[in-house]
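Colleague: Take a look at the letters that make up each chain.
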Amino acid sequence: MTLFNKSVIAFSLALSSAAQAESVAIIHATVHTVTDQGVLTDATVVIEDGTIVAINPQSPTADTIIDAKGAILTPGFIASMNDLGLVEIGAVSASRDTYEKEADIIFDPSLAYNPKASTVPFARKGGITRNIVSSGGGEGIFSGQTFTVDLSGNWDSLLAANTGLVVALGASKEGSRATGMQQLINKLEDAKKAQVKKTPKTAKAKDEPSREDSVVNAVLAGEKSLIVSVDRASDILHLIKLKQEFGLDLILVNAADAIIVADQLAKAKIPVVIDSMRNLPESFDSLHNSLENAGKLTKAGVKVAIALPGDSHSIYALRFSAGNAVANGMDYDDALAAVTANVADIFHLDSGQIAVGKPADLVLWSGDPFEFSSKVKKMWIAGEEQSTDSRQDKLRDRYLQKTAMPKAYSR
Amino acid sequence: MVKLMPSLVAVAFSTAVIGCSPAEQQDKKITINANPYPSTYHVLPNSTTLLKNAIVLTGTGKRIDEADVLIKDGKISAVGKQLVAEGAVVINAKGKWITPGIIDVHSHLGVYPSPNAESHNDGNEMTNPVTAEVWAEHSVWPQDPGFNRAREGGITTLQILPGSANLIGGRGVTLKNVPATTMQAMKFPNAPYGLKMACGENPKNLYGSRNELPMTRMGNMAGYRTAFIQATEYKRAWDKYDADYAAGKNPEVPERDLMKDTLKGVLEGDILIHNHCYKAEEMAMMIDLGKEFGYHAGTFHHAVEGYKIADLLAENGNCAAMWPDWWGFKLEAYDMVLENVAMVDAVKNSCAIVHSDSGVTIQRLNQETAKIMHRANENGFDLKEEHVIGWLTANAAKSLGISDKTGSLEQGKNADLVVWNTNPFSVYAQAEQVFIDGAKVYDRQDPAYQAQSDFMLGQQ
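In the order they appear, the protein sequences are chains A and B. Take 1 as the starting number for the first sequence in full-length UniProt numbering and just add one per residue. Take 1 as the starting number for the second sequence in full-length UniProt numbering and just add one per residue.
What the hints contain is simulated information worked out from the structure, not anything from laboratory work. Some hints could be false.
As the list claims (entries may be wrong) - Residues from chain A that face chain B, not an exhaustive set, calculated with beta carbons under 8 Å:
1. 90
2. 282
3. 313
Note that beta-carbon positions come from the ideal geometry of N, C-alpha and C, so glycine has one too.
Let the hints inform the model, and build the full structure from the sequences given.
Modeller: Put into structure tokens, the structure is as follows:
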């Protein structure tokens, strides 16, 4: 292999100033492609203009060459269904833009997204490059819509808004869960009926669908995912029927008891987003929580994404959840897919794999990405190299210094 | 002067006579039973056991490779190389790691059990800023499935604390993590009681929103001080009663007060303080509060800002129990650093602990510790497994006042230990066997040693 290095000198300078137009070749890497290619040893990945342009090319050229010395290169990890960038501090209401009481079908939390939140660089420490954000809240079953961001922290890091409609079903503090399920069914049926009525002949200008109906119509058309947070198997079975009846792009989140209807889920091609560390019977909806569920669901043919749904402050630890899934029976490659390619597939992102044409969201690890002993050596989001320095590091460094003056004078 | 002598002697003599006079008989001496709900714990069936050829972390800072551990009569009999014991059950532990049993100083298992239901919310007596009269042990549901999950993660001992809504929330209890039908059967024999206190946002927010004191952090301090002033008076009344009775008088018995009983126990050093307290400046004031009333400020739990006052904690003999990475849920948890525990630990005479406060992370305190060890080592520390295991064992035992009984693999200590399938600070590590007082209480390979809660039995 001949490799033309245009600027060997720029090697160390290129760290944070890698302009998009520059090309980077990562050589001698152990590349987990998370594609059918599997793991490539001593491989080269070339990125240019934010995209992966070559893998093991015959004669690659690159402005910058990075010798991985055998280190593991993976796609950037993708977190999902948390409130990253919507909350600085949970208990400080003025820093919290989630759990809006009046959230409804059209609620768009992306309007509140703050790419400069201190949670963003901290999440990058865990090799996370993209995220599907969801808000939660709402007095009814609808909590608004999801949006997708990259974790560059740049002002333009919002990639797509209003990507999926979020619904929460299951145990209700007051009254019956049947009401929630009924609301969802009615909403879908009513919208469907309205569509049938509105043939082009009878449609009039004033019959333009409302904002709400537009969202439901997109769900019915399979253009927008219906993302349902649910745990109990009996509820899941109702949802499987709904998917089949209305042709929904259905995604289940949490799904503690999915394991006992795993075959039905696999057959209906319904993916699940689960917290692989849940193993307590937290409620009567989740008696089958187990550390083994992620692996067992995968083996049953269900597409699994591992996530830390809810809070976003410690999503950097997503990789450890994947490691625990492996420790409890999940195939290693399946676990890696569950934090990369599967998430991308489930939420329709063009990401999560190392393949030509994919965005250059890459992480170079010091060791096994699932291990505590390893760390992110380098990471790129759309080809741009990222820092993993956070406010936490600055605090640590300040208090590790021995100074005569108060710490407030140390930067 | 000389003339008066005989009469003085007579006075002294007559006082002595009055003391013994049948006419002035003393009532029965009243003493407060400090232990009305005693432990009924019994060691489970056990035998002499020899674990061979493991990597042993003693909990005292030592690592011994290819080492054996001999358990006899429920105690650690020896730790060393090539031990022999006639009639012992021999376990080949080659390639495995053995550590002391893990101790969680901050758990709400049993008082906030699974399933999380209204009927089970028994951990926080949120009816008064000071409820020193409540005892967590009176809320413990021994069937909480979380006890079993925790045991599978190597937890052999745990302190169950009340929640943190109150300035003084009530007594905690230290339990052995054995399956049992009653709380008493889990109670760690002769472990001191703990008293839960809480600084900061929780009490001020709860009572402030009810327009009660405390509404502010200064209100918090006023609340603690008021309670300890009352306790000081109460202790004085009982001390006077005891002294007068001992002097032969027949004093009136002070009125019994459950709340003040507990605070009196603190002032007497019998009950250890466990203080939910995040912020550097507040921990410093709580240390001074202890000095003002003559008790020790004990262990700070959740000490997110412990690293800012590591010297102060060590100088005053305070343990700090911490998470690796919980933050951002409250303003007082904003200044998290991943190296907090290592920074608190780095000071001479320190006592750093990793705790859970969670039914989930209690199952992997080894992993929580691994997060800290590796992040700290990336940033200038040189921490080894044999050292950091102490954050979960020896230091935790010290915090609970049971370090003479457990927390390390030393001759004579209770044989509380965990056999791990690999380095316990790997994400892939699993506890394979767990022993409490030399009795096997969990075996990953053997369903006979996998306890199941009544609650989970027969669920479909």
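Colleague: Compare the structure with each hint and give your call.
Modeller: So, going through the hints one by one against the coordinates:
1. 90: Residue 90(A) check passes; min Cβ-Cβ to chain B is 4 Å, inside 8 Å.
2. 282: 5 Å, holds
3. 313: Given a least distance of 4 Å, the restraint on residue 313(A) holds.
Taken one by one, the earlier hints all hold for this structure without exception.
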